[in-house]
Structures are given as C-alpha cells and as structure tokens.
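Listed here are the chains, written in short residue letters.
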Amino acid sequence: MELAERVKDYIGQKAQPVPGADEVNLPMIRHWCEMVEDANPVYWDEEFARKSRFGRLISPPTMLHTWLFARWWQPDYLRQERGQDPLGVIYRTAEEMGYTANIAVSNEAEYLEPYGPEAGRIIGVRYISEVSPEKATRLGRGVFLTIVTECYTENDNRLVGINRMVLFKYRPNTGSGGQ
Amino acid sequence: MSARAVQSWSSRQWQSVSEGEELPPFDFPITVTRLVMAVAGTRDLYAVHHDPAVARRQGARDMFANTMFFQGLINRYLNDWGGPESYLRKLGISMRDQVCPGDTVTVKGQVTKKYERDGQKLVDLDVVIMRGEVLAVQAWATLELV
Chain D
327 MELAERVKDY IGQKAQPVPG ADEVNLPMIR HWCEMVEDAN PVYWDEEFAR KSRFGRLISP
387 PTMLHTWLFA RWWQPDYLRQ ERGQDPLGVI YRTAEEMGYT ANIAVSNEAE YLEPYGPEAG
447 RIIGVRYISE VSPEKATRLG RGVFLTIVTE CYTENDNRLV GINRMVLFKY RPNTGSGGQ
Chain U
3 MSARAVQSWS SRQWQSVSEG EELPPFDFPI TVTRLVMAVA GTRDLYAVHH DPAVARRQGA
63 RDMFANTMFF QGLINRYLND WGGPESYLRK LGISMRDQVC PGDTVTVKGQ VTKKYERDGQ
123 KLVDLDVVIM RGEVLAVQAW ATLELV
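Chains D and U, in that order, give the protein sequences.
The letter at position 179 of the first sequence is residue 505 when you use our numbering, and the numbering goes up by one with no holes.
The letter at position 90 of the second sequence is residue 92 when you use our numbering, and the numbering goes up by one with no holes.
Honestly, the hints are just simulated from the structure, not real lab data.
Careful, some of the hints might be misleading.
[Claimed, not checked] What follows is a list of derived Cβ distance ranges for each label pair:
1. Gln112/U / Lys461/D: 26 to 36 Å
2. Gln406/D / Gln112/U: 21 to 31 Å
3. Arg356/D / Ser10/U: 36 to 46 Å
4. Pro343/D / Asp128/U: 46 to 56 Å
5. Asp128/U / Gln400/D: 17 to 27 Å
6. Glu360/D / Ala49/U: 19 to 29 Å
7. Lys340/D / Ala42/U: 25 to 35 Å
8. Glu331/D / Ser18/U: 24 to 34 Å
9. Val38/U / Glu456/D: 50 to 60 Å
10. Val34/U / Arg397/D: 24 to 34 Å
11. Gly104/U / Glu360/D: 15 to 25 Å
12. Val34/U / Glu439/D: 33 to 43 Å
[As the list claims (entries may be wrong)] Straight-line Cα separation of at most 25 Å, PhoX-like style, residue types lysine-lysine; simulated pairs:
13. Lys123/U / Lys340/D
14. Lys123/U / Lys92/U
15. Lys377/D / Lys123/U
16. Lys334/D / Lys461/D
17. Lys92/U / Lys115/U
18. Lys92/U / Lys110/U
Don't be surprised by glycine CBs; every beta carbon is placed ideally from N, CA and C.
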C-alpha cells in the first residue's frame, strides 16, 4: 500500500502550535549574516534601523526556519510530551516503509510582515498538505511530502510568514541501509 | 573608539527599475569553514551538511550546503541590489544540484515583472545559483522596493 493511502487521515491535519527554541535575537541574526556576509544595516546598525521604514532592527525574513528549529538536545526535565502529532505519524510510517533518507527538494516562503526581536519566539503551525505516490529518482525510490508551516509571533500573534517545503523521503540507492 | 567612514546607504527606487533588467552577478566560494558557518548560522545540524561520510552514504559527492544557506544568500543578493529598505516578500527555491566544499557559486538575477499590489511597489525576479556550468539552485522571488 502506498504511503498516501496509509496516512490519509493525517494529511491536511494541523499539529499543535510549536514554538521555536529561542526568541528572535540579535546574536543569532549576526551569525546568520556572517554566513553569507550580509552587510544590510537593518540587521547591524540600531540607529540606521530605527530611522528606516522598519523602525527597529529586524531579522532577515529568510531566518524563519532557523527560528523554528527545536533544540537538538535539552535536559530531560524540560521535555514536554506533545499529543499525537499528525506529521510524526506520517514520518514514522514513511520510515517504516524504508524511506529513511531525506532531502529538501524545493521551498516556497511568503514573508507577510517584517519581524524582529520584539516578536519573542516564532510559533509554527505545521501540516502536511500533500503526499505523492512512490517515484523513482537518481537518489532512490521515495515519496514527496509538502510540509506547510504557518509562522506566528509569540508576543503579538502576527502571521509573519507561510512556508511550503517539498521534502523527498527515500530509500538510498547506495550503501547497505536500503532494501 | 576608532573613527570610521559611515557608509551612506540608499535604496533603489522602484520607478527606476525596468522589466528585463539584469542584476550584477556575484561569486561566493564554498569552503568547509563556510559550511560550518552555515551550520552555526542556520542551526541546521542534519549530518549531511557537516559529515562527508553520511552525505556520501546518502548518494551525495560530499557534505553539502543546506537550503537555508541559499535562502540567506539570495536574501542578501536581492537586498544588496534593492538597498536596505527593500524587503523580500516571497522566495521560492528549487534545489537542482548539491554545492560542496571546493565549489564556487555564482548568483545571477533578472527582473521579470514590475507591478503594484496592495500599496506595495514590487518586482518579481528570477534568480539562479550556478556551480560553474551546472545549475545548483533555481529561485523565484518577489522583492518590495521603496
């Protein structure tokens, strides 16, 4: 049975809102800017930013996904149990079918409003809008998943962006891990 | 405090832009250090972006740059052209080939459409990131100008 059929009840179902690990903050903005050598003063120069049409230092809009990352490690006592997550069910089912490798194929983001450190954390509301039938590619056989993320600010609940990512989950051709 | 020349910033006027206009290309060398900066900058710790052995097991040439790195690079490229008060409104990107240490990428862009919507002065652009003759990233963007 195809993945899409196995998980059809979970496609389009929104997960609980999940905040990113940290508040939108200037040190992380500067690390991002170092990476691509982005000199835009609306990220670096408080006075310039205040007089700009944005009125304050802002985040590069493209950082949304970075703000949404969960922690890669945290103490057990901070771990929170979340209810059954429709995305988790879809990923787990895909992995049980041998689609263990992941690669981002394409991504389309709309940046609806500028945001900066006043936002607090970015809260993501995610759902999988589409699951393709199994397809063969040069990397291996797998499925394309479209993952939609609505991005809200923690402090004033503004919808600042919507991201649509297409992910290819597949059985790798090389190595001994695949079937 | 040391004196420094204050750079004067100006933003590109929407009126002065025409459809078909090409943006100046720019080159960006990709090194292991750059990919480590990409991990630090994006917090994308998936192993394929920093561990060559894992990347090769998944069929890649080597560890490769993540999607957010390219979003950031294009964000920068478009603001360099549009000025600090331009704002990226939409960015679509399609990953066509992986970019690994030792590659140099070239970013190129062209204005495809100029229009106003909801009081915003907008241009649509096609952007490509080339790795030599190979298309690595195909992108389409909407930039708001002043």
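Right, here's what the structure says about each hint:
Restraint check, Gln112/U to Lys461/D: a C-beta distance of roughly 31 Å satisfies the suggested window 26 to 36 Å. As the Cβ distance of Gln406/D to Gln112/U is approximately 47 Å, the hint placing it in 21 to 31 Å is violated. Distance hint check: the CB atoms of Arg356/D and Ser10/U are about 22 Å apart, inconsistent with the given range 36 to 46 Å. Our hint of 46 to 56 Å for Pro343/D and Asp128/U is violated, since their Cβ atoms are close to 35 Å apart.
For Asp128/U paired with Gln400/D, a C-beta distance near 41 Å fails the hint of 17 to 27 Å. Checked against the hint of 19 to 29 Å, the pair Glu360/D and Ala49/U passes, with Cβ atoms roughly 22 Å apart. A C-beta distance of roughly 32 Å is found between Lys340/D and Ala42/U, which places it inside the suggested range of 25 to 35 Å. Distance hint check: the CB atoms of Glu331/D and Ser18/U are about 54 Å apart, inconsistent with the given range 24 to 34 Å.
The hinted window of 50 to 60 Å between Val38/U and Glu456/D is violated, with their beta carbons roughly 34 Å apart. Checked against the hint of 24 to 34 Å, the pair Val34/U and Arg397/D passes, with Cβ atoms roughly 25 Å apart. A C-beta distance of roughly 21 Å is found between Gly104/U and Glu360/D, which places it inside the suggested range of 15 to 25 Å. About 37 Å separates the C-beta atoms of Val34/U and Glu439/D, a value consistent with the hinted range of 33 to 43 Å.
Restraint check for Lys123/U and Lys340/D: not satisfied, since their Cα atoms lie roughly 34 Å apart, outside the 25 Å limit. Simply put, Lys123/U and Lys92/U have alpha-carbon atoms about 13 Å apart, close enough for the 25 Å limit, and the pair holds. With a CA separation close to 20 Å, the supplied pair Lys377/D and Lys123/U stays within the 25 Å bound. Between Lys334/D and Lys461/D the CA atoms are separated by roughly 18 Å; this keeps the pair inside 25 Å, and the hint holds.
Taking the CA atoms of Lys92/U and Lys115/U, the gap is near 14 Å; set against the 25 Å cutoff, the hint holds. Our distance criterion of 25 Å between C-alpha atoms is met by Lys92/U and Lys110/U, whose separation comes to about 17 Å.
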